[in-house]
Amino acid sequence: MKKDIDIKSVAKLAAIKLTDADEKKFEKDLNIILEHVDALSKMNIEDEEINIHPLGEKLNLREDVSSEFLTHDEAMSNSPETEDGHFVVPPSLD
Amino acid sequence: MNMVPTIGIETHVELNTNSKMFCKCAVVETENPNESLCPTCLGLPGALPVPNLKAIESITMLALSANCAITKNGMFHRKNYFYPDLPKNYQISQFDLPVGVDGSIEIILNETKEIVEIERVHMEEDTGKSIHKGSGRIDSATSTLLDFNRSGVPLVEIVTKPVIKSSKEAVSYIEELRQLVIDLKISEGKLEKGNLRFDANISVAQEGDNELGVKVEIKNMNSLRSLEKAIDYEIKRQTKLIESNEVIIQETRHWDEDKEVTSSMRSKEGSADYRYFSDPDLPNMILSDEFIDNIKKTIPILPSEKRDKLSETGLSISESNYLSKSEEWIYDLFLKTQKITNDTKSTFNLITGELQGQLRKAGTEELPEWFTSERLSEIIKMINENKISFTSGKEILTNLIKNEIIPTKYAEDNNLIQDNDSDEIAKIVQNVIESNKEVVERIKDGEEKLVGFLVGQIIKSSKGNINPSIAKDLLLKEL
Amino acid sequence: MNIANLSISEISNLYKNKELKPSEVYKEVFTNASLSESIIHAHLKLFQDEATEASKLSDERYAKGNPLSDIDGIPIAIKDNINLKNHETTCSSKMLSNYVSPYDATVITKLRNNGVVFTGKTNLDEFAMGSSTENSAFGPTKNPWNPEHVPGGSSGGSAAVVSVGSAIASLGSDTGGSIRQPASFCGVVGFKPTYGTVSRYGLVAFASSLDQIGPITNSVEDAKILYNSIKGHDPLDATSIKESTVEIPTDKNAKIGVIKELMEEGISDESKKEVEKTIKLLEENGNKVVEVSLPLTKMALSIYYLIAPAECSANLSRFDGVRYGIREAGATSYEMMENTRAEGFGEEVKKRILLGTYALSAGYYDAYYGQALKARSAITKDFENIFKEVDYLISPTTPTPAFKFGEKTENPLEMYMSDLCTIPANLAGIPAISIPTGLSKEDMPLSIQLMSPARTDSSLLEFSETIEKLLGFNQRTLLLEDMK
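Protein chains in written order, with the numbering used here: chain D, 3 to 96; chain Y, 245 to 723; chain F, 74 to 557.
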C-alpha cells in the first residue's frame, strides 16, 4: 500500500490546526503505524461478514415515548458563550 | 440545437413522532430555544443513541408505499463533517444499506400519469438551527446563534433518480410526495413549517447525448413556487452557458428568493469527504418479514389508489388528482354522494366549487356531522331535476352548513320549488309581452340583449318559482 | 487492622455486625489518599467533604439494619471518563478541564442505588488513550510499588488507588487492556467483562465497539461483587446485551489452553514464568492444560490500531468548543473549532484522530478500516473455534512488568506493544481478567491473564478465584507503611 499521507488535508478533515513541526512529527508517526498495519493487507479475508456488534447482537429499537431530561439551564450550563438562550459561535458559513 | 434538462430531487421529510430519533426528548414546536434536550441530542460526552421504533416503522411504510425493496439486514452510518449546528460533528444516517431502494412514485402531469423512479429512502437525524446575526446575509454575519431543539428530530430522505424533465414535473412530484406522507400519517407534511425540504440536482445536455450534463445542486427552495422558479432559472442559465460554449461548474448553488436567481455558494469549509462508516453504537438492524408484513397491513389507501377509484366514476385524471390531494372528508363525501346521485360532473362541481368556496368563506375546514352525503345528494338531485334553481341550491347548501335541515323539506317550506308547468308560464309570458310592448319592438329591431330583461320580468312576476330556461324558450317562441 | 486491605465482603460483614462503620472506612481511605497523593497523583479529584457527609447516611442505614446492598458504604473511586452528575468529567484532557457533567452514567446510577458513596475521580491517559497515564494533561500517576515506574494505563489512577488503599475498589474502562494492564502493573485484580454486559451510557467513548467498563479490586471476589452491581441490560445503550449467562466448568474439569503466540518473542521471561507457574498449579489441581495456537493474535495490534483510531476520530469530533469545554478564538466557527481542538487535545489524542481520519478517508477505507473489520471477524471466529477445544485461555497480561517513565515515548509502536496480550479479548468481545501472581526481580508486580467465551463472565470469575487461591499471592505495596 502506497503511503502518501497528505497530512494537511487530513488535519483539515479532522479540524485540528497543526503547526509545521506537528505536521512533520505526525506524518512520521502515522507512517510508522501504517507500515505496521500493512500486514493486514496480506490477509485473505474477502468473504468475512461484518457484524457491528462484537457478539453479533442485533439492534433493539425503542418505543416512541418522550420524557424530559435536561432543563434549559442544565443544557446551557457548560456553554462558553450564550445569548438569549442560544449557544453562540463565531459566524458559520452554510 | 435542442437542450434537455435532467432533474433529480432529494427531499427531507420531518416525521411526526413524539420523541426524537435517538433519544426520548420530545419533538417540540416552541419559540424558546434549547428547551428539549438531553445528553444524546446535545452531543454531551458519554451519551449514546437508541433508535426510535416508530420512526423506523414510518420510514419502512414510506419505502413500501413507494414500491421500494426493503433492506432486511440494514445498518446506520456516521456521516462526518464539522458544523456547529451538528452536535456530534457527525450525523447518524444510512449509507450503502438504506431502508428502501429502487422504488417508484406515480405522479400526475396535466392529464397523464408519469412514473418518478426512486433511488433510495433512508433515515437521517436533523441538525440544530443556526441564526446568523449581523447584516442578514450569511457571508457577512458577525456571529451565529444555535438552537438544538431540532437536533435529532427524525427525518426520512427520499432521493429520486435523475428522471424528472421539467419544473412542472418536479412540483407535481413534491405535491404527490407530500400527499403520500400525509395519507400515511407519518408527517404533518406542511411545507410552510419546513416539514418537507427539497434540494434539486439539475443538469442540461444536448438532445441525443448519451451522457448527462454537469450536475448542479440547488438549495434553499422553501416553497413549490421557488422550486419551479429555481429550476426554470437554472435550466436557462445552464442552457445559455452551453450555447455560448462556456463551462458549467459542478457546484452547489443557492436560490435567492428575492432576486429570483441562483448564485454560487461559498463551499462548506473543510472538504466533502464524509468518511462514512458503520456506527459502532448501533448494531445491525434486522427488519424481519413479520415486521414488514405488519407494516404492509397498516398502509392506508394511497393517493394513486384514490385516483384510480375516482377515475372509475368518470372523473378526468386531473379532477381525480385534485380530489386525491384534497382533505380526506372531501374525497369521502365525493365518492358517497356520487354513488347516490350517479352524476359525477355535478357532484364534483358542487363539492369542489360551491361547497369548498362557502366553507373557505366561512373560515372552516370541517363539516357538521348532519351534513351527510344523502342530504347533499338531495340538493344535487333537485337542481338536476330542475325542481329548484341553482341559486336556490346554493341557499339550501348555505343553510345545511349552518343548521340541521332536510334539503327537500327546506325547499318546499321556503317556496323554492320551481314551476315547470308551461301553460302557467305561457300566461305569464303573454302578460309580460303585453305590458312591455316597447321593449319587444326594440328586440325585434335587433337589440337582443333585452331578452334577458324580459326573462327577468317573467321570473319577477312569478315570484321566482319559474325555471329561467323554460321561460326563455317560451319567450323566444312567442317573439 | 489495615482497613484498606480488607475485602468488600469482609468490610460488609463488619458493617452488618456493627464492628465497623462506613464513615470510619471513608476516613481511613481519605487519610491514605492524603498521604499517597503527593507521591503517586492517582486522583484528579477527591470528594472528601461530600463523601464524609454521605457516609454518615450509610452509617445510619446499617445502624437501623437496612443497608441498601452488600456494597452500601464501600468507598469506590471512578475513572474520570465516567460521568458523575455535578462533578467534573475531564478525561484528563485540557479540552474538558472545565466541564461539569449534568448527568450520571448508568453504572453510577446503579452504584448510587446500592448505597455506594464515591471517593473521587481518578487519573487516566487523555481520553483513555495510552498505557502509562503519561498522556494525562494533568500530570502522570506514579506506580505505588515504585514511583519511578508507570502504573500502566489508561486506568492507571484507578489501579493505583486500589493498590495503595485510597479506595477499596474502583471502576476503570478497557478498550485494549486499559483495566487489565494497569491492574497488572499495580498488583491488583482487573476485570474486563463481556462486551455489552455493562452499560457504556455515560462512559466517554474512545472506541465504541471495544470500550467496556469494569472493576479494579484487591481480590477476584471483590471484582465479582462489583461486577454484579454494575452489570445488566440498559435501554439507554443499544449495544447492551440482554442477560444470558453461559456456564462452563469451574472445577478441575475445566480445560485450559495456553496461547502459543503469546508465549513467544516479545514476551519477557519473567512474564512467561508466571504463566508457567500457574499452569503447574493448575495441573497439580487436576486441570488439563494444553497448548493452543491462535495465529491471528499476531494481527490483533494492527486490527486494533485501525479500528480504535477510526472510531475515536468520530467519537471525539464532538469536542469542538461549541457547547462545552474550552474554546479558543477564531474568525469563523470552523477556525474556532480547529484552534480549540489544537489547544484542547494532547499529542497522542491528535495522533489517533489523524490516523483514524486518514483510515476512513476516501480511497483508503477499504484497504484500512474495511479490511480491519473483516480481520476482526476472522479473529473472533478463531476464538470461537478454540473455545470448542478449551474452556479458558491463559497468557501473560503484559509482555513485561511496569516499565519506567519515559522509557517508551520515542516510537509509538513500542508503547502500543504493551497491549499485545490484552487487545485480542477486546476485538472478540470476550471477558478477560488479570490476576496478580508474584513480584519481579525489581519487586514489581507480575500477573497472568485468563480469558473465556463471551457471556461466561460468572464462570471466569469463579474459576479465577480458584486460581487466586492456588497462587496464594497477596502481597501489597508497602508505600504507605513506609510513610507511616
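Keep in mind that the hints were calculated from the coordinates and are not lab data.
Where hints are given, some of them may not hold.
Stated by the list, open to error - Computed far set for chain F versus chain D, every beta-carbon distance over 12 Å: (1) 82; (2) 108; (3) 174; (4) 282; (5) 294; (6) 321; (7) 342; (8) 343; (9) 358; (10) 411; (11) 421; (12) 461; (13) 503; (14) 511; (15) 548.
As the list claims (entries may be wrong) - DSSO-like mimics (lysine-lysine), calculated; alpha carbons at most 30 Å apart, straight line: (16) 323(Y) - 60(D); (17) 357(Y) - 553(Y); (18) 412(Y) - 569(Y); (19) 461(F) - 44(D); (20) 434(Y) - 14(D); (21) 19(D) - 91(F); (22) 60(D) - 461(F); (23) 316(Y) - 19(D); (24) 26(D) - 14(D); (25) 569(Y) - 646(Y); (26) 454(F) - 316(Y); (27) 373(Y) - 167(F); (28) 481(F) - 60(D); (29) 646(Y) - 625(Y); (30) 454(F) - 514(F); (31) 26(D) - 481(F); (32) 323(Y) - 44(D).
C-beta atoms are modelled at their ideal positions from N, C-alpha and C, and glycine is treated no differently.
Verification of the hints:
1. Against the 12 Å criterion, residue 82(F) stays outside the reach of chain D, whose nearest CB is about 31 Å from its own CB.
2. No beta-carbon of chain D comes within 12 Å of the beta-carbon of residue 108(F); the shortest separation is about 34 Å.
3. With a closest Cβ-Cβ approach of about 9 Å to chain D, residue 174(F) is found to fall inside the 12 Å limit, against its non-interface label.
4. Not every beta carbon of chain D lies more than 12 Å from that of residue 282(F), the smallest distance being close to 6 Å; the non-interface claim is violated.
5. Taking the minimum C-beta to C-beta distance to chain D, about 26 Å, the non-interface status of residue 294(F) holds against the 12 Å cut.
6. Against chain D, the non-interface label of residue 321(F) holds: every CB pair exceeds 12 Å, the least being about 16 Å.
7. With a least beta-carbon separation of about 25 Å from chain D, residue 342(F) lies farther than 12 Å from that chain, consistent with its non-interface assignment.
8. The Cβ of residue 343(F) sits about 25 Å from the closest Cβ of chain D, beyond the 12 Å cut-off, so the non-interface label holds.
9. Non-interface status of residue 358(F) relative to chain D is upheld: no Cβ of that chain comes within 12 Å, the nearest being about 31 Å off.
10. Distance to chain D contradicts residue 411(F) as a non-interface residue, since its nearest Cβ pair spans about 4 Å, not more than 12 Å.
11. For residue 421(F), the condition that its CB be more than 12 Å from all CB atoms of chain D is violated, with the nearest at approximately 10 Å.
12. The claim that residue 461(F) lies off the interface holds: its Cβ sits roughly 17 Å from the closest Cβ of chain D, which is beyond the 12 Å cut-off.
13. At roughly 8 Å from the closest C-beta of chain D, the C-beta of residue 503(F) falls inside 12 Å, breaking its exclusion from the interface.
14. Even its closest Cβ contact with chain D, about 32 Å, leaves residue 511(F) beyond 12 Å, as expected for a residue assigned away from the interface.
15. The claim that residue 548(F) is not at the interface with chain D holds, since no C-beta of that chain comes within 12 Å of its own (minimum 35 Å).
16. Simply put, residue 323(Y) and residue 60(D) have alpha-carbon atoms about 21 Å apart, close enough for the 30 Å limit, and the pair holds.
17. The straight-line distance between the Cα atoms of residue 357(Y) and residue 553(Y) is roughly 14 Å, inside the 30 Å bound, and the hint therefore holds.
18. A C-alpha spacing of about 17 Å is found between residue 412(Y) and residue 569(Y), which places the hinted pair at or below 30 Å, so the restraint holds.
19. Of the supplied pair hints, the one linking residue 461(F) and residue 44(D) holds, its CA atoms being roughly 27 Å apart against a limit of 30 Å.
20. Between residue 434(Y) and residue 14(D) the alpha-carbon distance is near 38 Å, which puts this suggested pair outside the 30 Å criterion.
21. With a C-alpha separation of about 59 Å, the suggested pair residue 19(D) and residue 91(F) falls outside the 30 Å cut-off, and the hint is violated.
22. Among the hinted pairs, residue 60(D) with residue 461(F) is consistent with the structure: their alpha-carbon atoms are about 24 Å apart, no more than 30 Å.
23. A C-alpha spacing of about 42 Å is found between residue 316(Y) and residue 19(D), which places the hinted pair above 30 Å, so the restraint is violated.
24. For a cut-off of 30 Å, the pair hint linking residue 26(D) to residue 14(D) stands: about 15 Å separates their Cα positions.
25. Using a Cα cut-off of 30 Å, the hinted pair residue 569(Y) and residue 646(Y) holds, with the two alpha carbons roughly 26 Å apart.
26. Restraint check: the Cα-Cα separation between residue 454(F) and residue 316(Y) comes to about 24 Å, which is no more than 30 Å; the hinted pair holds.
27. Distance restraint check for residue 373(Y) and residue 167(F): the Cα-Cα separation of roughly 28 Å lies within the 30 Å cut-off, and the hinted pair is therefore satisfied.
28. Our distance criterion of 30 Å between C-alpha atoms is broken by residue 481(F) and residue 60(D), whose separation comes to about 40 Å.
29. Only pairs whose Cα atoms come within 30 Å are accepted, and residue 646(Y) paired with residue 625(Y) is accepted, the gap being roughly 20 Å.
30. Taking the CA atoms of residue 454(F) and residue 514(F), the gap is about 38 Å. The hint is violated against a cut of 30 Å.
31. Annotation: proposed proximity of residue 26(D) to residue 481(F) holds, straight-line Cα distance about 20 Å (limit 30 Å).
32. About 29 Å separates the Cα atoms of residue 323(Y) and residue 44(D), which keeps this hinted pair within 30 Å; it holds.
Of the numbered hints stated above, those contradicted by the structure are hints 3, 4, 10, 11, 13, 20, 21, 23, 28 and 30, listed in ascending order.
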